[in-house]
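Please put together the full structure from these sequences, using the hints given.
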Amino acid sequence: MIVRRLVDGVDERLDGTSFIRRNLGKVFPDHWSFMLGELALYSFVMLLLTGTFLSLFFVASPAETVYRGPYAPMQGSEVSLAYESVLRISFEVRAGLVMRQTHHWAALVFVASMTAHLVRVFFTGAFRKPRELSWIIGVTLLVAGIGGGFTGYSLPDDLLSGTGLRIIYSAVLSIPVVGTWLAYLFFGGEFPSAELIPRLFVMHILLIPALITGLLSAHLALVWHQTHTQFRPKGTPESSVTGTPVWPKFALKSVGLAFITFAVLAALGGLSQINPVWLYGPFVPYSAPSPAQPDFYAGWLEGILRLWPNWEFHVFGHTIGELFLPAVVIPGIIFTALALWPFIEARAKHDTAVHHDAQRPRDEPVRSGIGAAGIAFFVLLMLAGSNDVLAKYLQVEVDTLNGVLKVLLFVVPVLVYAITWWICRDLHARDSAPIAHPPRVEFRRNAEGGFDEHHDEARSRGDVAATQGDREQP
Amino acid sequence: MAATANTEARLLSRVLRVGLAVAVLGQIAWSFRPEPSSAQSDQQIQGRALYEANCSTCHALDAGGTVNGPSLLEVGPAAVDFMLATGRMPLANPNDQPERGQPKFTSEQIDALIAYVGSIAPGGEPIPTVDTSAGDLALGAQVFLNNCAGCHGAGASGDSVGGGQIAPSIYPASPTEIGEAVRIGPGVMPRFGPETIDQRDLDSLAAYLVWIRDNGDDGGLQLGRVGAVAEGLVAVVVGLGILIVVLRLTGAKR
Amino acid sequence: MKRDERVVAAALGVSILAALTLFVVYVRGGNPQAEGALLALALGGVGIGLLVWAKRLMPHIRDETQPRSKTAPATEADREAAVETMESGVEEIRRRRFLSRMLIGAAGALGLAALIPIRSLGRSPGDSLVHTKWTPGARLVTAEGTPVTESTLETGSFTTVFPEGFEGSADSQAVLIRVEPDQLQLPPDRIAGAPDGLVAYSKICTHAGCPLGLYLAATHELRCPCHQSTFDVLDGARPVYGPAPKPLPQLPIEIADDGSLRALGDFSDPVGPGFWEQA
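Top line first, the protein sequences correspond to chains L, G and A.
With my numbering, the residue at position 414 of the first sequence is 414, and numbering never jumps.
With my numbering, the residue at position 134 of the second sequence is 1134, and numbering never jumps.
With my numbering, the residue at position 5 of the third sequence is 2005, and numbering never jumps.
The hints are simulated quantities; they were obtained by calculation from the structure and are not laboratory data.
Owing to the predicted nature of the structure, the values given are computational and were not obtained by experimental measurement.
Keep in mind that a hint or two might mislead.
Okay, derived cross-link-like pairs now, DSS-like style, lysine-lysine, Cα gap no bigger than 30 angstroms in a straight line [to be verified]:
| # | chain 1 | residue 1 | chain 2 | residue 2 |
| --- | --- | --- | --- | --- |
| 1 | L | 253 | G | 1253 |
| 2 | G | 1253 | L | 249 |
| 3 | L | 129 | G | 1104 |
| 4 | L | 234 | L | 349 |
Examples of chain G residues toward chain L, derived with CB under 7 angstroms [said to hold, decoys possible]:
| # | residue |
| --- | --- |
| 5 | 1122 |
| 6 | 1150 |
| 7 | 1229 |
| 8 | 1242 |
Listed next, the stretches of chain G that the computed footprint assigns to chain L, with coverage defined by at least 3 CB atoms under 8 angstroms from CB atoms of chain L [claimed, not checked]:
| # | segment |
| --- | --- |
| 9 | 1085-1095 |
| 10 | 1202-1213 |
Cβ coordinates follow ideal geometry from the N, Cα and C atoms, glycine included.
See below:
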């Protein structure tokens, strides 16, 4: 009865036609790989929940204080209020540490699942017209997610994150003409400035979450409005979509998935230590710990910085810093190319048609090859970004490892492209060719007691019906 | 608790050993006075035999060094003890990197070698006395983060430092070995004299390093204390991995 | 020009003037009342201009009656109509060329005035990146403020030093290393600043600005934990490996009569990674 009145009430107010029925009955294809984006969505929800809790205790101030909390090795040390509040969250606030660690793990899984989602969309061609806008919003979300992660990682004012900020400052500084001004405006003066933590805090808890929430809403509204792509079942037209109705099955599955995501993040948050800032110590500008890596989503950037040659350019009495190309230009090119990919591909293939079918990667050997090569490229860069840790475990020289990686960075993507292209083409050909039966050979006993080979041409043609027909004869 | 008792016992044995070594050296000096080549103590004879069998090939009979190994002149008891007690010496092959291992000699044999090397190559850094109970954890953390974490890692779990060298994990090191490493700077490590790391700093440093061996992992699994590399791997392989398995199990496959 | 048009033009003109004045006021140091009033004039001018424009200058665009419910997917004709609507609207505004130019001018002036508060975010770099706190005669002290003397370091040791009074200073941090004096291969004009095998370099990596935490005493190399740039301490901190493009600037020091170490001046070059204003 209540439901009835609710449904009527909404329908009467929102639309002349049945708004609720139309949307509740909307179907979504439920291929497993189409849910990767939901993982990102629910990681973000977890980030909002835990982040709200943390923001109640975090103090965004670089002001000095003396630590008097329970963590023995810091007692009596001069630390910033920001660092102190993070130790307080970790050791004094009830459930604080699990919240903090869940927040950090959620950030990593958020970016990881966005990346996995992007890879899925890429390999299935789901970015094609009319969904280019969704793709661009998605790439922007990835950048925003990385930005959110980096600003959050820097907030505790510990030694490790301070080192990361210093690198970003140096990258901004390297931009020609306006670099120094930009760096001073953004960082509030020469690094490290007292303005920094409050600014990062505002970006981390206001600007970036607002941007992500807005873009995410647009992203979801577009999927809802444009309908999801699918691997189309035989016998249905491309103008149709086959899947599970939102209510109740898809909704239950999706909410279930949300809780599984929360569960995994909470388990990680409680069981596995992440970013133990108490071990890193408070930020001082004259120390740096080692190994010094950023969170994994910036690992490829770290890799570029470690491998890039020591080129510094001097033009008209000015200096273009070494970092400008690897830290500003290259990432800019990569993200621009990524965002424009739907248009690049459409132009290359002269494809102006509207597509609603998800493709199988094997059906597009060139795109799949480029995608696989790209993944190989990023993985190699991430290995380069963790070269000192790798060298320790592999018992090799870091410098040798760097040399090898520099070569592999050019060789492996080409090889991966070729192999992927070849496998895709092969699989594609196998799919589209009629099922070929091997020539059939019979061995028949002859009068002498030996065997003769008998080749049966009719049976070798692969005509299944014919073969079955033959068998029925006695 | 057992570890602490063990450490203390080891510390005590070090102190005794240093005392013994001093006594022995005194006795040697005394016995050398009339006729340098005669009347060597048993320890001296044992040390000489061990030295000639295990060390002299590379470091030379007079400890002056050869192309295969550096001179031991002025290295001092701290260096000899550190290298032998941590199993870094003797090397099977002079081109190998000295790495921590099972000590090849008993502590009695090591004392004999220290005494013998001290007799043919006097001077150098004495074995430092390290008293963790006199140290302050907070000071130790500060000394560690400002002087050691750059190479050995903020979690003291070690890291590679280039040139094929690895700053090893400090967990297996005893307080005395930590003190010896600080004072002598083994391998590529710089040495820190009492002017930069004084006795109180040293006691505190050792106290902190003993402490973080078993503490500081309030957050759960320590993941090798290598930071973001391990964390990223866990997030992608375990976190995203489990979730993708769940998707595969609950979603359509075609 | 009709009266209504003059009103719009005047409103937009006031807006432009107010925005430009605001810009000037801001650059000259600012005044809260003037800023508020001018901002109100600049914004209000555009508001009034647009309202009067719409109300008085578009009498020929009349109200229409439309069905409420949503319609079927757009046809080709619908799309044409949409384009037509959009373009005719733009044309209606552009038709009054003077006013539309005024509008663009007002938007530009407002943008300029709105942009300048960004200047509040940071101070001018000036030459702050070129200088550090080191001055001739400054005593070398540790992070805790303990003065460093000629006997502090043994050969093979290093420590981090600051100018007295600026302990922990980010740009002035230097690493002081003692090596065998005859091993140093500095140029003649710089050897004097490294007495008795004591040599000091900026501790900030010239690649990305990380503090150089690793000193490999056996090979006399300073190494950066961030991206593994490696500098040869004996050879003027020349980069020998990794992405760092420049040597570490040297801090010339002397041993004073009382045995303390003092700076002879600032670093030989600007410290840290490269930036545009650097020669």
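Each hint, compared with the structure:
1. Distance hint between residue 253 of chain L and residue 1253 of chain G is fulfilled; the C-alpha atoms sit about 15 angstroms from each other, no more than 30 angstroms.
2. A threshold of 30 angstroms between alpha carbons decides the hint, and for residue 1253 of chain G with residue 249 of chain L the separation of about 17 angstroms falls inside it, so the pair holds.
3. At roughly 72 angstroms between alpha-carbon atoms, residue 129 of chain L and residue 1104 of chain G are farther apart than 30 angstroms, so this suggested pair is violated.
4. The hinted pair formed by residue 234 of chain L and residue 349 of chain L meets the criterion: a straight-line CA distance of about 26 angstroms does not exceed 30 angstroms.
5. Look at residue 1122 of chain G: its Cβ only gets to about 37 angstroms from chain L, farther than 7 angstroms, so that hint breaks.
6. Interface restraint check: residue 1150 of chain G against chain L, minimum CB-CB distance 6 angstroms, threshold 7 angstroms, status holds.
7. For residue 1229 of chain G, the interface hint holds, since its Cβ comes within 7 angstroms of a Cβ in chain L; the closest pair sits about 4 angstroms apart.
8. The closest approach between the C-beta of residue 1242 of chain G and any C-beta of chain L is roughly 5 angstroms, which is under the 7 angstroms cut-off, so the hint is satisfied.
9. Check result for the segment 1085-1095 of chain G against chain L: violated, 0 residues qualifying (beta carbon to beta carbon below 8 angstroms, three or more required).
10. Here the segment 1202-1213 of chain G counts 3 residues with a CB under 8 angstroms from a CB of chain L, which clears the bar of 3, and the coverage holds.
When each numbered hint is compared with the structure, violations occur for hints 3, 5, 9.
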